[in-house]
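**Q** Given the coordinates of chain A, work out where chains B and C should sit on it, guided by the hints.
Just so you know, the sequences run in chain order A, B and C. To convert, note that position 24 of the first sequence is 24 in the numbering used here; the numbers rise steadily by one, no gaps. To convert, note that position 329 of the second sequence is 329 in the numbering used here; the numbers rise steadily by one, no gaps. To convert, note that position 342 of the third sequence is 342 in the numbering used here; the numbers rise steadily by one, no gaps.
None of these hints come from the bench; they were simulated from the model. No incorrect hints appear here.
Restraint ranges, calculated between C-beta atoms of paired labels, are given here:
{"#": "1", "chain 1": "B", "residue 1": "Lys27", "chain 2": "C", "residue 2": "Glu51", "range": "38 to 44 Å"}
{"#": "2", "chain 1": "C", "residue 1": "Lys400", "chain 2": "B", "residue 2": "Ser98", "range": "28 to 34 Å"}
{"#": "3", "chain 1": "C", "residue 1": "Met180", "chain 2": "B", "residue 2": "Leu28", "range": "35 to 41 Å"}
{"#": "4", "chain 1": "B", "residue 1": "Ser98", "chain 2": "A", "residue 2": "Asn5", "range": "27 to 33 Å"}
We put the CB at the ideal spot given by N, CA and C, even for glycine.
This is what each chain is made of:
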Amino acid sequence: MKPLNGLFEKQLRVVNLGLEAFYEDLKNQSVEVVQVDWRPPAGGNEKMLSLLGKLKGKK
Amino acid sequence: MAVQTTIRKNAYYDSVTLMLITKDLAKLPGVEDILVGMATELNKELAANLNLLTPELEALSANDFFVTAELSGEASMEMLVSALDALLSAKKSSAGSSYRPASLQTALSNEPELNLALISLPGRYAAAEVEKALDAGLHVMLFSDNVSIEDEKRLKEKAVSKQLLMMGPDCGTAMINHVPLAFCNVVRPGGIGIVGASGTGTQEIMSLIDQLGGGVSQVIGTGGRDLKTEIGGLMMLQAFEALIADPETKVIVLVSKPPAPEVAKKVLDLVNKAGKPVVVDFIGGDRTAIEAAGAVACISLEDAARKAVALLRGDAAPSDFSGFDVPEADIDALAAHEAGKKAPIQKYLRGLFTGGTLADEAMKLLGPDLGTIWSNIPLKPEEQLKDVKVSAEHTVIDFGDDAFTVGRPHPMIDPSTRSERIVKEAAPDVAVLLMDVVLGYGSHPDPAGEVAAQIREARENAAASGGDLTVIASVCGTEGDPQGLKASRETLSEAGAVVMPSNAQAVRLAAKIMKAIAKQGGERA
Amino acid sequence: MEERILKANQEAFDRLQLAQPTIVGIGTAGEDIPGMDKMTVLHAGPPITWERMSGPLRGAIVGGLIYEGLAKDEAEALELAASGKITFDSCHHHNAVGPMAGVTTFSMPVWKLRNEAFGNMAYCTLNEGLGKVLRYGAFSEEVIDRLKWMEKVLAPVLKATLALSGPIDLKTMIAQIVQMGDEGHNRNKAGTSLLIRELAPYLVMTDFSDEDKRDVLKFMHSNDHFFLNLTMPACKCSLDPLEGIENSTMVYTMARNGTDFGIRVSGLGNRWFTAPAEIIDGLFFPGFTKEDANPDIGDSVITETCGIGGFAMATAPAIVQFVGGTPQDAFNFTSSMYEITIGESSAFKLPPMNFRGSPTGIDIMKVIETQIRPIINTGIAHKNAGVGQVGAGLVRPPMKCFEDALEAFVEDAQSRGLI
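Looking at chain A on its own, in the form it has when it is part of the complex:
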């Protein structure tokens, strides 16, 4: 495998999960960036997370 899969030769394409400021700064520099409208899985509902977990084969 190439070191870091040849990252240094590629154009950076960023996906930002979290602070809007990081996304804005990259956008302002014309870097390719996508902002994820992230929210906690199942809204943090423990019961739902547990049910989903059972179906996905996790504890």
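**A** Just chains B and C now, kept in the frame of chain A:
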């Protein structure tokens, strides 16, 4: 109150537009009741139900437009009509913002070429998202902290097995392919590659490289815990190897707090396989092992930058830099001058830092001269400040530490946590205030401006009580940064601060002043 | 288990893609709808008792009973409805769907659709028009008279027309309308136009008076939503074959009765998962406010279940004006539906989405994981019977429906020893 109407024959407006307009007009003062519409049977009926139907309206056809309203005192039909016309002619502002995918998965299906995930989510959710990113073949920069060391290990092992970067947790600075990520300075491209386990340490080195005319190829963060035994330097080693293999990188700089000895050994063992100069700054650590491994040791972040730039130029590694940009005689004169203005009771130093590594470097450089330095990130456990809100004797504070950032943004984003403290620190027995001002992406738009007023006030207070406060600041930044290095330095000088070119020089100046004060004290005694 | 679910969902999705909803004729509820009799009144949404019904549904039932001659006025109708002598049931349990109150009685003419891929049928009454109509709970003489005209003139003319034209392919027609600014739920102008165009050459050849033919054409022309009563059963017969695919988490029914919102999930058979229906956020006609609104009502949400309606909002941007939005908002709403669906429609391509197929096949797991609920465009009924439509806007199903369904799904999988 009277019912007033406006009629426009053979005028058409679509029903949805009219509904929206009615909503807006109903909010105007003095409008008790209002109906705006085409004179359809339905609308005439509605008007009747609202007691707003007049014989004139009755006579209209469905092609005619009307406004009927019950208006009180202040309102007039004239005013209503001009508001109406404004709304009718108003154009919608440019379409709303573009779609933001709700998950990494959707982001990837919309944009399969994504190659780096920058994650700054709350700690408890971060690990799962890192895992998803790595599984999808993305490199990761993990800004979040409060990620367990077990998760860090597991995720870094996965990353290494897939030749992916997992920078973090708690990684605030990186520059990949010349793109500044998170908190990062704008530095010209060049041949120096940096791997850093400390955010502001990395920022100081890269900024000074730029100021010295050099440039960087890649700046890779590893997160603060990478060189602990549990993690074993996984990212440092992977990044180091990548820079060794990178043709653009001619000189490598490694910066970290002193690693666990067996981890330091693993890192240093790679040095003679590098085939290019390696500068190692294990901040304050033992240089023997470093030099024995064939790397160049340093005594400060600034020294690391200077050595790297020299090596890049093809010069031999210069000797340790412990001087100043201006003749030392000038500095000594300055120190004497500052010391001379102090009242006898002024004998303490206070360091107020937003960058943890800069605070740490300050304490290490001051330690020999000052002795005990209280801190919230002390060099020795017994020097832990009892109450982080109250300084004592010599104190250096890292405002970016957890003690200050629970529920508040980091001081590089919101400078008020530190600026609030500045005036308080100018107690009568304080002689010197030392601070860092960090520029770059991620930082506040004007960090220098945010401390200027407080610096002035602190100095005025000291003067008013018969003393003098020396404020020494260094700006970690470049001309290319959004805030501008020159402009920031000017703001600080105008506020009365002595601006030094680096953290190390600022600290050394402070030490000279404190020594001069102590000497005075001895002479005065 | 995850593998099993993926496989089952693919099966469900594929069955939907194979659907060929086709108009095969006009019938009557009594003759054609399975399990129909004179004393049965079908309604929209999940099953509900008289006591819990909202204003518009009650009003529509009153109208239906008067229309059938089972009661001569409101008082008698109310007494009869509460007496227990009338059987109330969901349209959905009888291969049928109905917009708003969805009240379907014995004598009412119905569209007959067949899904040619699987042979199953679906039925829906014909759309009465706008204003004071039965489906909004009105039951005045005007309403009854119109229903009679539909029974005596509209239906026979259309029935004869269809006998001449032969079956009409609705899948192709719907595929066209989503490229003409319609979304098949709240925007049906193009569909109604295409239908009239399709029928007109045959209609003129039927053996009825010129006045009757003219009245039928005018009737269809005056009601942009005439086509809604075809998109609905088209979606219904496309989705019905998905009932009972073991391990599938795909939603194959969504419906509201003005009190409850209900969903049904492929892998859970014909079980309903219900929760209180929400009040719609939208634009109200002058003189009306949110206070006047009835909770969400109607089977028309079967269109969203099938990937059109609110899911195709990007292709009908005029809809978002109802919540003061922009075409970009319409685009964003459709984009967000891809987050909760299994696939993209092979038939319904949306030009503003770069001709991507509409997001199709709601997955209850994805709804809960992303917390994104399906988006629905709908009309708003006045909470009192007989007043009619008071606005239009956007609404979503209650999350509880999906949560209860997920819980039941896990229990079911556990009981079969799969987890």
